[in-house]
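Let's have the full structure, built from the sequences with the hints guiding it.
The lines below spell out each chain.
There are 2 protein chains.
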Amino acid sequence: MIKHLVVVGVGLIGGSFALDLKRQGQVARVTGIGRSRANLETALERGIIDTIGDDLASAVASADLVMLAAPVGAMPALFAELAAVLPPDCIVTDAGSTKLDVIAAARAGLGARIGQFVPGHPIAGAETNGSAAARLGLYADKPYILTPLPENTPADMAIVESLWRGCGADVVRMDAALHDRVFAAVSHLPHLLAFALMDELASRPQAELYFRYAGAGLRDGTRIAGSHPEMWRDITLANRDALLEELDALTEKLKSMRALVAAKDGAALEQVFSRARQARNNWLQGKYND
Amino acid sequence: MIKHLVVVGVGLIGGSFALDLKRQGQVARVTGIGRSRANLETALERGIIDTIGDDLASAVASADLVMLAAPVGAMPALFAELAAVLPPDCIVTDAGSTKLDVIAAARAGLGARIGQFVPGHPIAGAETNGSAAARLGLYADKPYILTPLPENTPADMAIVESLWRGCGADVVRMDAALHDRVFAAVSHLPHLLAFALMDELASRPQAELYFRYAGAGLRDGTRIAGSHPEMWRDITLANRDALLEELDALTEKLKSMRALVAAKDGAALEQVFSRARQARNNWLQGKYND
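Line by line, the protein sequences are chains X and B. Its first residue numbered 1, the first sequence is counted upward by one per residue in our numbering. Its first residue numbered 1, the second sequence is counted upward by one per residue in our numbering.
Hints were generated in silico from the structure; no laboratory data involved. Heads up, some of the hints might be wrong.
Simulated crosslink set (BS3-like; lysine-lysine; CA at most 30 Å straight-line) [stated by the list, open to error]: (1) X/Lys255 <-> B/Lys3; (2) X/Lys253 <-> B/Lys264; (3) B/Lys264 <-> X/Lys255; (4) X/Lys264 <-> B/Lys253; (5) B/Lys255 <-> X/Lys264.
Okay, the calculated beta carbon distance ranges per label pair [claimed, not checked]: (6) B/Gly25 <-> X/Pro205: 42 to 48 Å; (7) B/Gln285 <-> X/Ala57: 39 to 45 Å; (8) B/Pro154 <-> X/Glu208: 27 to 33 Å; (9) X/Arg107 <-> B/Glu245: 35 to 41 Å; (10) X/Gly166 <-> B/Leu178: 52 to 58 Å; (11) X/Arg204 <-> B/Asp55: 42 to 48 Å.
Predicted, not measured: the structure shown is a model, and the values here were computed from it. Even for Gly, the Cβ is constructed at its ideal location relative to N, Cα and C.
Put into structure tokens, the structure is as follows:
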């Protein structure tokens with residue numbers, strides 16, 4: 001049982017975490033910290049938090065758990081601030097979409113107290129954001145990836161994992177570098193593509209005409225281009241190296257497909273399309289999931 | 001009132017067209033023609049068609065409307081076959097996703113009888129296919145684009161348009177070349193991207209691990225990669241020139257975004273993401289739709 005949880009960034013991710021823990025009686029009191037007063041007031045009205053914290057230092061003084069659910073670009077400053085005020089038995093965890101850079105920020109900020117930081121990533125994004133978007137059950141049957149540090153104690157890891165299990169998440173552990181490569185491929189690259197496609201089409205002189213006839217394919221295919229620009233700026237920069245590799249691989253793939261189109265090689269194109277369709281069907285039928 | 005409609009290719013598109021017309025009493029009898037006997041039998045059982053045609057020649061002998069809803073690659077052979085057997089007062093129309101090449105195929109096949117062909121494109125695709133996927137109401141509030149020929153009579157165009165209006169579609173007219181450019185951008189390019197992304201990820205040695213953690217963003221973003229490979233092979237080849245232009249534009253866009261990532265230009269990236277998000281919100285709020 002957590003006596004006092006401090007959530008830094010009470011949005012979809014941090015807010016939904018608090019809601020589930022409160023509902024299940026896993027946390028007694030929640031303080032919210034954030035840049036937007038209006039967002040924190042919504043969180044208060046919705047019962048996501050019990051108090052609005054004035055500043056990080058006074059809020060964490062009595063905390064036994066701090067959840068950092070801010071954009072990853074805000075992490076270095078948060079860790080630096082935490083270092084001076086963090087109670088010795090308080091666990092810090094996060095929900096950042098990238099792990100190597102958050103861990104580096106934690107090491108730089110927390111120094112010798114790095115063992116108190118248990119890094120993790122719940123896989124439950126959406127293109128909605130803010131405390132108004134938070135909801136019970138967001139994490140049910142979604143993966144939660146713990147990327148533990150050598151300095152973490154088994155007891156602290158067990159506490160963090162049991163909270164996420166309480167939210168219904170499927171908890172796994174993964175090396176942080178592997179995590180970042182996997183998510184560069186299956187999440188960060190698709191987001192960049194969706195942003196690129198929307199911005200490209202919107203830049204056309206006839207954009208209005210184009211969008212008038214755009215259908216469900218483009219709508220679903222670019223849903224993630226509705227995601228939060230600042231958050232994705234941070235993720236893009238935080239996972240830069242892995243993302244550049246993914247961008248290059250996809251560019252090569254598009255180049256080879258362009259060559260097939262130019263050469264009118266229908267048989268080879270049909271093969272690519274069939275493989276893609278089969279891979280997607282396998283994935284959705286859980287053939288990649290056991 | 002159509003006395004005898006022949007649907008060539010009784011799939012999602014052709015089948016749904018027939019279902020709606022029958023329900024509204026706009027057609028007395030429907031004959032289905034296709035390559036797959038099993039698919040036609042499903043169409044018969046579902047009441048989409050009344051008879052399975054043995055061959056195109058005997059089916060169209062008594063037809064007053066022929067709907068070509070086959071993959072666009074099959075169109076040249078169909079028009080060539082129709083030329084010899086088409087009754088003089090029978091209208092031929094199509095539902096092809098590309099127009100310039102279908103029109104070229106029609107000119108080549110039908111010769112002096114080209115005026116009987118009224119080309120069009122209902123915007124209501126899905127990644128499902130076959131007569132099992134056909135359904136009432138598929139075209140409700142969806143655009144139907146007529147790309148008329150100088151040889152078409154106002155009477156024939158009015159008949160085709162009134163049938164689509166009967167299906168609930170919003171009927172508009174557009175130049176065929178413009179149609180092909182618009183759909184290269186808002187449909188064909190996004191499909192190619194989705195196929196490319198899925199095939200690229202599936203080709204990785206660790207694909208199984210990757211897909212285990214892929215979430216809703218990738219699932220929605222690649223929904224159209226579940227589309228019919230043969231149909232999309234045909235569309236890709238049929239609209240080759242416009243699609244190559246779109247591929248090149250997107251490749252340039254990705255190149256410029258790569259440069260921003262490599263240079264860690266967070267401000268410029270956030271600008272691109274914000275513009276993309278705004279454009280998508282405008283589109284979905286109908287700001288491009290009046």
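Hint by hint, work out which the structure violates, then give me just those numbers in ascending order.
-> 1 and 9
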